[in-house]
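S.K.: Here is what each chain is made of, one letter per residue.
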Amino acid sequence: AQRVTQPEKLLSVFKGAPVELKCNYSYSGSPELFWYVQYSRQRLQLLLRHISRESIKGFTADLNKGETSFHLKKPFAQEEDSAMYYCALISYNTDKLIFGTGTRLQVFP
Amino acid sequence: GAGVSQSPSNKVTEKGKDVELRCDPISGHTALYWYRQSLGQGLEFLIYFQGNSAPDKSGLPSDRFSAERTGGSVSTLTIQRTQQEDSAVYLCASSPRTVHQFFGPGTRLTVL
Chain A
1 AQRVTQPEKL
11 LSVFKGAPVE
21 LKCNYSYSGS
31 PELFWYVQYS
41 RQRLQLLLRH
51 ISRESIKGFT
61 ADLNKGETSF
71 HLKKPFAQEE
81 DSAMYYCALI
91 SYNTDKLIFG
101 TGTRLQVFP
Chain B
110 GAGVSQSPSN
120 KVTEKGKDVE
130 LRCDPISGHT
140 ALYWYRQSLG
150 QGLEFLIYFQ
160 GNSAPDKSGL
170 PSDRFSAERT
180 GGSVSTLTIQ
190 RTQQEDSAVY
200 LCASSPRTVH
210 QFFGPGTRLT
220 VL
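Residue numbers (the numbering used here), protein chains in the order written: chain A, 1 to 109; chain B, 110 to 221.
In isolation and in its complexed conformation, chain A is listed as follows (with noise of 0.2 Å):
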């Protein structure tokens, strides 16, 4: 079964500390995983996806297949990184997004 997992509902850190927030997908085959972002008041908004293999607003993320994981990293967290993140997944045949449960992510100052 298609799945994915975000184990951390919260997660709260000091501005400046390293973030990582975890994503492990369930997927039979090459998924595309992507990291969706929902600011305070705003709406649902692509952050990355990992074909791009790129750095958005300094996160990135790296796909593991060994470990089936897609974890967002950001060495230095800012307090406007508060929000909440959705890791999903969509395989090729379809075009549906498979979302986690959300990851909330809080940076204190």
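For the record, the hints were derived by calculation from the structure and aren't laboratory data. Heads up, none of these hints are tricks.
Chain A regions said to be covered by chain B (calculated; three or more residues, Cβ under 8 Å):
1. 43-51
2. 95-104
Cut-off 20 Å, straight-line C-alpha distance, at most; resulting in silico cross-link-like pairs (DMTMM-like, lysine to aspartate or glutamate):
3. K9(A) with E153(B)
4. K65(A) with E20(A)
5. K22(A) with E8(A)
6. K124(B) with D172(B)
7. K15(A) with E80(A)
8. K166(B) with D95(A)
A few chain B positions that, by computed beta-carbon distances, are all more than 12 Å from chain A:
9. K126
10. P170
11. D172
12. E194
Beta carbons are placed, not taken as given, at the ideal position from N, Cα and C, and that holds for glycine.
With chain A's structure known, arrange chain B on it following the hints.
M.R.: Just chain B now, kept in the frame of chain A:
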């Protein structure tokens, strides 16, 4: 407008009433999705429309839920005989031929 729009932004209804939620996708986007966002449940896929193909209804939680997409554009999600557990934020997203989905602001449904 440039983005996906949804109406109403908030809807409060009494248990047992029917509700209709509307989604206006980005012009030219062939795919349209409905999701439900509940506290502690994350984002739950409901239904997916792609062009003129039959919709993928595999995520609809019960036969009280239905959706239409008229003319390949606007979509309406209908919930009949609403229950308190239907209370959630209902999100619509549209997508061009790529997999990048653009989300609307959502409709917050409260069933009393």
